[in-house]
Amino acid sequence: MPELEIAIPRPQRWDEPFGRMTDGDVNYLLKIEPFCRIDARTFPPTLPLRGILQGDTRIVRYEPGDLIVREGDYGHSAFLVLAGTVRVALERLSPKLLGRAERPRRTWRQAIAQLWHNSRLPEVRRRAEIKPAANGASIRHDPAEGTPRVFVQDVPQLLSTTGTARLGTGEIFGELAAMTRTPRTATVLAEGKATLLEIRWQGLRDLMRRTPAIRTHVERLYRENSLRAHLRETELLRDLPGPQLDTVVAATQFESYGNFDWYADFGAQRRREAAEQIAAEPLIAAEGDRPTGLFLIRSGFARVSQRYGHGHRTLAYIGKGHVFGLAEMAAMFDGNGDVAWQNSLRAIGYVDVLKIPADVVLQQVFPNCKLQNVKCKMQTGDKEDQSAIRNPQSVIAVGDTAAPLDSSLLDFLADHRFLNGTQTMLIDLERCTRCDDCVRACATTHDNNPRFVRQGPTHHQVMIANACMHCVDPVCMIGCPTGAIARDTDVGTVRIDDHTCIGCSTCANSCPYDAIRMVEIREPSGAIYIDEATQLPILKATKCDYCTGQLTGPACQAACPHDALVRIDMGKVEQVSAWLGR
Amino acid sequence: MVRSFWKRRIRNSGLLMVALALVWLWVRTRERNLQPVAHETGYIMIAAVFFLALYNIRKKVPFLPLGTSSTWLQWHLYVGLGSIGVFALHTGWHWPTGIFETSLFALYASTMLSGLFGLYWTRTIPGQLARVGDEVTFERIPALRRRMQWQANETVIESVAASGTTTLADFYSAQMYGFFRLPRGVKYFLRPTTSRRKSLLADMQHLQRYLSEPERKACEKLFALVRRKDELDFHGARQGLLKYWLFVHIGLTYALVLAASLHGLMATAFGGGL
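Chain order of the listed sequences is A and B.
For the record, in the first sequence the residue sitting at position 462 is 462 according to my numbering, with numbers rising by one throughout.
For any residue, its number in my numbering is found by taking its place in the second sequence, counting from 1, and adding 1000.
Just so you know, the hints here were simulated from the structure itself, not pulled from any lab data.
Heads up, the beta-carbon is just placed ideally off N, CA and C, and yes, glycines get one too.
Check the hints yourself; a few may be wrong.
To be verified - DEER-style ranges, computed between Cβ atoms:
1) 533/A to 1071/B: 48 to 54 Å
2) 1269/B to 553/A: 42 to 48 Å
3) 458/A to 1071/B: 46 to 52 Å
4) 458/A to 1030/B: 52 to 58 Å
5) 548/A to 1139/B: 24 to 30 Å
6) 282/A to 1067/B: 55 to 61 Å
7) 533/A to 1132/B: 51 to 57 Å
8) 308/A to 1216/B: 50 to 56 Å
9) 241/A to 1018/B: 46 to 52 Å
10) 458/A to 1067/B: 37 to 43 Å
11) 1189/B to 458/A: 20 to 26 Å
Excised from the complex, chain A in its bound form:
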């Protein structure tokens, strides 16, 4: 009779440690700043300080010129300098130096030459093209570290021509990008031999929770560097006088909801029932509860929902820069003492919010801002009109999210997290003749290799095709060891530098939408390239590059004869709505 149960050890957080930390390493860390000043007794037995250092950190040694972080990379860890010095570039370094060759716009001649230069075989690379040096970047393979590293060859020359700041032993950097999953704002390289402690974000988060000094340090940095600018970007606070804004800055609370690594279990999440999916989303504000403040979304996405029958109906989703709770705050300001949240706000995946407490909003913000303008935005028209509270759209009226889409489509987009896309490929199946001109055009512009699949989830007549959406939160970029996948800072597209890609599949495994394909590459004769050491095929990550460098813009869209295909920013719901209602 087959066994019905098999006992195995329950998987634990540190089963897969970040690095190979020995007891000696941890003992050493516990003796130095800032860990020697942390009270280990404040950590619970299930989450000891020693465990965090053992499981969530690693000691990394850098050679002179090694790039530690690059501007534009997505952060998932912070660094503490243990020995040596590192330099923070105060200017933007050339993409070539960082291993990200710019793709120049083709000329007409080059475009026409594609007619006879395109390969007949799939995924052909000439031998010269697959060497990392082909794009000017230098990659060092260090057997001790295991991961390849991009480095700068002439450090003295770089330092003499570029403004830099020096960081020495005991100094921390990269913590803001790690905690907020935002792009690194500067490039940091090792000046000489340097030893750094890399702390992954989970460990940093727990250290922050238990160690007020570290939390205060990170929050102070954010308050000093970014919070004021972020608040000023909000329409409500744009014209707020300086002293009142200072009060808001001081009172703003930072809150995070959801799982930072949401993409890891996204596949399993998506298979759950819709009601279960919503129920599993962390609640930021619960419908019916008394409002406690105004929520500003700092990063990530949140679902605005309302009870409907036995479930919750999505009214809108909101992202970076959007506000929740304005209507309720306005009602409280108007003297309505019996106000409750009219909708719920839930984290989709992971969301960082800034919470301005209600008393600060009522005493500092509303009396000093152009409330009438805000109310106009809320579509109330009349200051005394309390219908804003009942009108779910008013909750999300600041920003451009007033959602004219039907609720089922919003549910679909939120459940599949398609709202992450800035260049999502939508196909109108009521107009698409399935001619595949889009796929052929994509292939023709990419050396006869299509970079998307004309298939994907559908809702009524809308199909979201399996093409890179160039996400707002590009989780594919997290963990790329060579920084081959990066966002183009000028146009916002996420591109893979073929020369720098080492085929590790980290990006393809991280992409929740399966938009990245690992391909075996071959030389023009058809011979597959294999690794000398392992005899396994050399892989490269491929995906839609939004036709960067082409003269036409995205070839798929330009090739659709029936206006059935569009690349659209899902954050601009009104564009989606206008496109559907043509």
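On the provided structure of chain A, position chain B as indicated by the hints.
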């Protein structure tokens, strides 16, 4: 940029009417002045035919910034429709005489008709496809069909093993095996209907009274498979029509370009000073 299709249709139709009216006025003026018009309308006609054929070339070079395919299609449609008027002016509303002219007329008419049919199909079939069954890629249909056939076979074989009777299996081999094994015929390809599905489902419904419990369960699975196979056939037929008409249209276009060029050359060479 999002545009309203209705506004575009009205604007383009209006422009076409104006253009045709201008050509007609110009031709009438020349005729009243006893000036020849055959060559002039012929040049317009041949230019239109070449322009219409150029659209296929545009599709082959998506990497050149020659305007979007959608804009080209609009021009293709309206120039194509306008060419009917120019053709009428060119022929003077007369039936052609001679083998070559008749062939040329037939080629133009069939190209135009195939285009009009194509326009109708490309505007109606996508909606039908979106409403019926799951979205499937045309090239995967044979593989999906084979998988469905395998599933149906397995279901029936399992029912025989479970029940020890062959009532369902006999019915399956007599009436359903071919349905699962083969794509549908030409008649279905041109005008798909649900009659075969309805007839099979009705027969299966009737058969239920003779089935054992395991066979009945298998029959339920077959019900679902018949529906899915019918939807797959529908997608195969409709998507196939959308693909194959284009081959016909393009083939006719190339023949028309050749014949029209030859006609133009001969008319220029042997025009006798007209």
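Next item on the list: Kindly confirm whether 51 to 57 Å is satisfied by the beta carbon distance between residue 533/A and residue 1132/B.
Entry: Holds: the Cβ-Cβ distance is about 53 Å, inside 51 to 57 Å.
Check: Cβ-Cβ distance between residue 548/A and residue 1139/B: within 24 to 30 Å?
Finding: At roughly 29 Å between Cβ atoms, residue 1139/B and residue 548/A fall inside 24 to 30 Å, so the hint holds.
Notebook entry, point to check: Holds or violated: 46 to 52 Å for the Cβ distance of residue 458/A and residue 1071/B?
Noted result: About 27 Å separates the Cβ atoms of residue 458/A and residue 1071/B, which means 46 to 52 Å is violated.
Next item on the list: Take the C-beta atom of residue 241/A and the C-beta atom of residue 1018/B, compute their distance, and say whether it sits inside 46 to 52 Å.
Entry: The hint (46 to 52 Å, Cβ to Cβ) is violated, given that residue 241/A and residue 1018/B are roughly 59 Å apart.
Next item on the list: Note whether the CB distance of residue 458/A and residue 1030/B lies within 52 to 58 Å or breaks it.
Entry: With a Cβ separation near 56 Å, residue 458/A and residue 1030/B satisfy 52 to 58 Å, so the hint holds.
Notebook entry, point to check: Using the C-beta atoms of residue 1189/B and residue 458/A, is the stated range 20 to 26 Å upheld?
Noted result: The hint (20 to 26 Å, Cβ to Cβ) holds, given that residue 1189/B and residue 458/A are roughly 25 Å apart.
Margin query: Assuming the hint says 55 to 61 Å, is it satisfied by the Cβ distance from residue 282/A to residue 1067/B or not?
Written below: Cβ of residue 282/A to Cβ of residue 1067/B: about 48 Å, so the range 55 to 61 Å is violated.
Notebook entry, point to check: Okay, residue 533/A versus residue 1071/B on CB: inside 48 to 54 Å?
Noted result: For residue 533/A and residue 1071/B the Cβ distance comes to about 53 Å; the hint holds.
Check: Cβ-Cβ distance between residue 1269/B and residue 553/A: within 42 to 48 Å?
Finding: With a Cβ separation near 46 Å, residue 1269/B and residue 553/A satisfy 42 to 48 Å, so the hint holds.
Check: Taking the beta carbons of residue 308/A and residue 1216/B, is their distance inside 50 to 56 Å?
Finding: 39 Å, violated
Next item on the list: With 37 to 43 Å as the target window, see if residue 458/A and residue 1067/B comply at their CB atoms.
Entry: For residue 1067/B against residue 458/A, whose Cβ atoms are near 30 Å apart, the range 37 to 43 Å is violated.
Going through the hint list in order, the structure does not satisfy hints 3, 6, 8, 9, 10.
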